[in-house]
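Here the protein sequences come in this chain order: W and E.
Read left to right, the first sequence gives residues 9 to 122 (our numbering).
Read left to right, the second sequence gives residues 133 to 248 (our numbering).
There's no promise every hint is true.
Stated by the list, open to error - If you only want the chain E side, here are some residues facing chain W, beta carbon under 10 Å, derived: (1) F160; (2) T163; (3) F166; (4) Y168; (5) T181; (6) F199; (7) T229; (8) Q241; (9) G242.
I should point out that these hints are in silico values taken from the structure, not numbers from a laboratory.
Treat the numbers as computed from the prediction; the structure is a model and nothing was measured.
By construction, the Cβ of each residue, glycine as well, lies at the ideal position given by its N, Cα and C atoms.
Below, each chain spelled out in residue letters.
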Amino acid sequence: AQTVTQSQPEMSVQEAETVTLSCTYDTSESNYYLFWYKQPPSRQMILVIRQEAYKQQNATENRFSVNFQKAAKSFSLKISDSQLGDTAMYFCAFTNTNAGKSTFGDGTTLTVKP
Amino acid sequence: GAVVSQHPSRVICKSGTSVKIECRSLDFQATTMFWYRQFPKQSLMLMATSNEGSKATYEQGVEKDKFLINHASLTLSTLTVTSAHPEDSSFYICSATVREINTEAFFGQGTRLTVV
Numbered sequence: 009a010q011t012v013t014q015s016q017p018e019m020s021v022q023e024a025e026t027v028t029l030s031c032t033y034d035t036s037e038s039n040y041y042l043f044w045y046k047q048p049p050s051r052q053m054i055l056v057i058r059q060e061a062y063k064q065q066n067a068t069e070n071r072f073s074v075n076f077q078k079a080a081k082s083f084s085l086k087i088s089d090s091q092l093g094d095t096a097m098y099f100c101a102f103t104n105t106n107a108g109k110s111t112f113g114d115g116t117t118l119t120v121k122p
Numbered sequence: 133g134a135v136v137s138q139h140p141s142r143v144i145c146k147s148g149t150s151v152k153i154e155c156r157s158l159d160f161q162a163t164t165m166f167w168y169r170q171f172p173k174q175s176l177m178l179m180a181t182s183n184e185g186s187k188a189t190y191e192q193g194v195e196k197d198k199f200l201i202n203h204a205s206l207t208l209s210t211l212t213v214t215s216a217h218p219e220d221s222s223f224y225i226c227s228a229t230v231r232e233i234n235t236e237a238f239f240g241q242g243t244r245l246t247v248v
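Using the sequences and the accompanying hints, generate a full structural model.
Structure below.
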């Protein structure tokens, strides 16, 4: 079974600054996908970024980038130039390639302060 | 992008009654749909995996007779909470994966169920 750990229940950052959310996971699989999802107060789950485990290059999506360390089983999310709209709960998720089933971390509540 | 529509967004029902929640993939055929339950400020807890035309696979500890899942087509899965009780009050979310790309999940808007 896979486990996903987010060790930061809450974080805050000043607007326009950079923040990094941490995520570690445990699995015996070699091929899988990792995701970061954002859940704003509306509770709609929004995909922020995805990373294929077989790719060494870190994924980037505008202001969002990841630091994927496969050997260390670490998958952190960096948000640059933080905006007030980034305030949300962020979930790290591991997805089994075959089953498509996802395991979610406990989430990190991020508050961007003006 | 792929859109998943979940209905209703909010529902209040009386204790002992049943309530049905629908999850539809609007512009793609979903290989698999997943049902989650989420308590306030907590993570998503997978309840069951639903494949079209076959019985749902329930996670350990989830009562299959209480949470009935039907996946009659490639675009529709339903979750029926039978004989609802106040402890069933929660936020329920569905997600669907695309047949050709069985990894990224697309989420519905969620349903807030309140049992009174």
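For each hint, the structure was consulted:
The restraint placing E/F160 at the interface with chain W is violated, with a minimum CB-CB distance near 14 Å, outside the 10 Å limit. Of the supplied interface hints, the one on E/T163 holds, with its beta-carbon coming within about 7 Å of a beta-carbon of chain W, less than 10 Å. The criterion of a C-beta within 10 Å of any C-beta in chain W is met by E/F166, whose closest approach is roughly 7 Å, and the hint holds. Taking 10 Å as the C-beta contact cut-off toward chain W, the hint placing E/Y168 at the interface holds, the least distance being around 8 Å.
Checking E/T181 against chain W: minimum C-beta separation of about 6 Å stays under 10 Å; hint holds. A cut of 10 Å between beta carbons decides the hint on E/F199: the least distance to chain W is about 17 Å, and the hint is violated. The closest approach between the C-beta of E/T229 and any C-beta of chain W is roughly 5 Å, which is under the 10 Å cut-off, so the hint is satisfied. Of the supplied interface hints, the one on E/Q241 holds, with its beta-carbon coming within about 5 Å of a beta-carbon of chain W, less than 10 Å.
For the restraint placing E/G242 at the interface with chain W, the shortest Cβ-Cβ distance is roughly 5 Å, inside the 10 Å limit, so the hint holds.
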